[in-house]
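Put together the whole structure using the sequences plus the hints.
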Amino acid sequence: MSNIEIRDLVKRYGTVEALHAINIKIEPGEFAVLVGPSGCGKSTTLRMVAGLETISGGEIVIGDRVVNGLRPKERGIAMVFQNYALYPSKTVYQNMAFSLKLSRVPKDVIDQKVRAVAEILELTELLERKPGALSGGQRQRVAMGRAIVRDPKVFLFDEPLSNLDAKLRGQMRVEIKRLHQRLKNTIIYVTHDQVEAMTLADRIVVMRDGHIEQQGTPDEIFHDPASEFVAGFMGSPAMNLVKATAGADAITIGDTSIPWALPASISNGDTLTFGLRPEDIRPAIDASEVSTRLTVTLELIEQLGTEKLIYFTVGGHSFVGKAEGRADLRVGQSIEVAFDMVHAYGFSPNSGARLR
Amino acid sequence: MAMEAQGQGPNFSTRGASLFQAIRDNSAGATPYLFLLPCLVILGALLGVPLYKVVEYSLFDNVIIKPDPIFVGLDNYSNLLSDSGFWSALLNTGIFTIGSVLGHLVVGMSLAMMVNADIHPRARTIFRSLLILPWIFTAAVVALNWQLLLNPFGVINYWLGAAGIINEPLDWLGDANLAMWSLLLISTWRGYPFIMVSFLSGLQSVPRELYEAAEIDGANFFHKFWHVTVPQLKPVIYGVVLLDLIWTFQLFPLVWLTTGGGPGRVTEVLSTLTYRLAFVDFQFSQAATAAVSILVISAAFTILYLRNETRNK
Ligand SMILES: Nc1ncnc2c1ncn2[C@@H]1O[C@H](COP(=O)(O)OP(=O)(O)OP(=O)(O)O)[C@@H](O)[C@H]1O
Ligand SMILES: [Mg+2]
Chain F
1 MSNIEIRDLV KRYGTVEALH AINIKIEPGE FAVLVGPSGC GKSTTLRMVA
51 GLETISGGEI VIGDRVVNGL RPKERGIAMV FQNYALYPSK TVYQNMAFSL
101 KLSRVPKDVI DQKVRAVAEI LELTELLERK PGALSGGQRQ RVAMGRAIVR
151 DPKVFLFDEP LSNLDAKLRG QMRVEIKRLH QRLKNTIIYV THDQVEAMTL
201 ADRIVVMRDG HIEQQGTPDE IFHDPASEFV AGFMGSPAMN LVKATAGADA
251 ITIGDTSIPW ALPASISNGD TLTFGLRPED IRPAIDASEV STRLTVTLEL
301 IEQLGTEKLI YFTVGGHSFV GKAEGRADLR VGQSIEVAFD MVHAYGFSPN
351 SGARLR
Chain A
1 MAMEAQGQGP NFSTRGASLF QAIRDNSAGA TPYLFLLPCL VILGALLGVP
51 LYKVVEYSLF DNVIIKPDPI FVGLDNYSNL LSDSGFWSAL LNTGIFTIGS
101 VLGHLVVGMS LAMMVNADIH PRARTIFRSL LILPWIFTAA VVALNWQLLL
151 NPFGVINYWL GAAGIINEPL DWLGDANLAM WSLLLISTWR GYPFIMVSFL
201 SGLQSVPREL YEAAEIDGAN FFHKFWHVTV PQLKPVIYGV VLLDLIWTFQ
251 LFPLVWLTTG GGPGRVTEVL STLTYRLAFV DFQFSQAATA AVSILVISAA
301 FTILYLRNET RNK
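Protein chains in written order, with full-length UniProt numbering: chain F, 1 to 356; chain A, 1 to 313.
Rather than coming from a laboratory, the hints here were simulated on the basis of the structure.
One should not assume that every hint holds.
Chain A regions said to be covered by chain F (calculated; three or more residues, Cβ under 8 Å) [said to hold, decoys possible]: (1) 138-150; (2) 198-212.
Residues of chain A clear of chain F, computed beta-carbon distances all greater than 12 Å [said to hold, decoys possible]: (3) W87; (4) W135; (5) N177; (6) G218.
No residue lacks a Cβ here, since even glycine has one placed at the ideal position from N, Cα and C.
Next up, the structure:
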């Protein structure tokens, strides 16, 4: 268990700056998830913490040591790679024992540790197999086993589940969460999957184009997004984001006016990006009294089982809402939907910053 | 069958058509062999006939020299096996072959790893091209070059003398104690590019994540080499080493044109022994016998190589 502090971290590739002075502070035992679209610099950050990538500027502190000059093995970290990076010529046992063997740990101690970890990860039966004879999920567990055996202060994961199918990904997610509850190590976990980020993290760091867009607990990130980007990135389906004009205690979307208690920084006549999550748009019968009701025509319905996604147009803009999975709805039907405006957001149309 | 059925109308054009028909009907079976046929015939004539002749010669006495050679069975073989010259040539061949292949491996692999390092792409291309050069020259040019370099009055002696490493010029190729070493130096220089090139493509296919994982596991340069590079290159290494063994084992021009098997018989290998028996001593039958011995040993390596290749499929 160690805290991690990243101070003004910069990465340059030649003349291109890939990371612009980012700052992250992770408490001991915290599960931090770096999330963001492809190319935003998540892996680069993680690999700099691991010591696989040189640091162009700033400092990384693990525990109470600045680790900038330390080699990977001196940093007390273990890493799980996206493609597992298991040694193909070694058995599962040898893969897990390799780092201990290199640090000249006595054979019987190695054996004891490897078997203990194999027990936790249900790998005991597979110890003599080579990675080539394992399924994707089993390889994933071996990769984690290899990391755990070293008893590191910090775990680093780079998209560890992205090569697994959806069902297995869900299972492994739970396993990783359990493992964290049991081992209580500090973890930095990189993913572009916002569901993984939401479910695993104590702290989410949303990155974009080499800087940090917002960091906070999953609740903060989801319910109190700092920008249009964060609001649109987290949540599935994505938040409805449309151009609108502010009126007196209302906004106008196209030709439709919707009553809304404007946030303080928005005044009459401003243009803004209006945001409302699909969860907050429901058929009126399911909704509470306070919501605003509009009559719309259903254009498309997606049945997800537990719920239906309903698509319709308001003021020339397409919207998505959510209905009960059992709701009796048909395309072309005209229904009343309720906009729960208490949970609506406004964003600056230029900077994308949240208007509060 | 198609041919038989249609062959009743002895009209040329329908016969032609039916032939094509037959080929087409058999597309999965005989067609590939039909296309291979000319090649097989030529290869058979060029390889099979001489091969047969050599084996035949080795069973007769005084072939070519005398008009009526006599069949002597395996006499030539027992002569060869009781000849100390043959055994010393066999030993030299072993030393030369293993020494050369080891030299190729060490130099080729080291250079492959150096050239594969993260350097400027243009520098890398230049290094690669330069390092492949020894492979391009014909053996005669290589031999002549090294003879000049290693000559008692050559550049190498001059440099070593100027650097104070040797007091008087050495006859690298003419000194019985140095000749085999010099030969191995030349052979290594000549042969490493093949190994280097093969390993380079192998090295490039090793996933970078493996090295990174090893680094995090605490591996140093040698650990990474031993635990990641070597296992990943193992199939390549095995195949390339066997090929190199086969080639080096029967290598003739480089040895003949540098030391000529001398001084005395110090660097005599099976190939030069065979040549000497045939074209210096005019004992063609005995030469054929020596040639068959090379053939048998080479064939053994080749079978190993082919077996490895099919296993890798
Ligand atoms: N070796 C390199 N040379 C030049 N630019 C690089 C190099 N490695 C990464 N980059 C650039 O740095 C930026 C961040 O890359 P990084 O790999 O950290 O993205 P990522 O957030 O992990 O994306 P993904 O989700 O696709 O893995 C990208 O724009 C990428 O093009
Ligand atoms: Mg990445």
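Right, here's what the structure says about each hint:
1. 138-150: Check failed, 0 qualifying residues.
2. 198-212: Three-residue rule met by the region 198-212 of chain A, so holds; n is 4.
3. W87: holds (40 Å)
4. W135: For W135/A, whose nearest Cβ neighbour in chain F is about 30 Å away, the distance exceeds 12 Å, so it holds.
5. N177: The claim stands: N177/A keeps its Cβ more than 12 Å from every Cβ of chain F (closest is about 42 Å).
6. G218: The assertion about G218/A is violated, with a minimum of 4 Å to chain F.
The structure fails hints 1, 6 (numbered hints given earlier, in ascending order).
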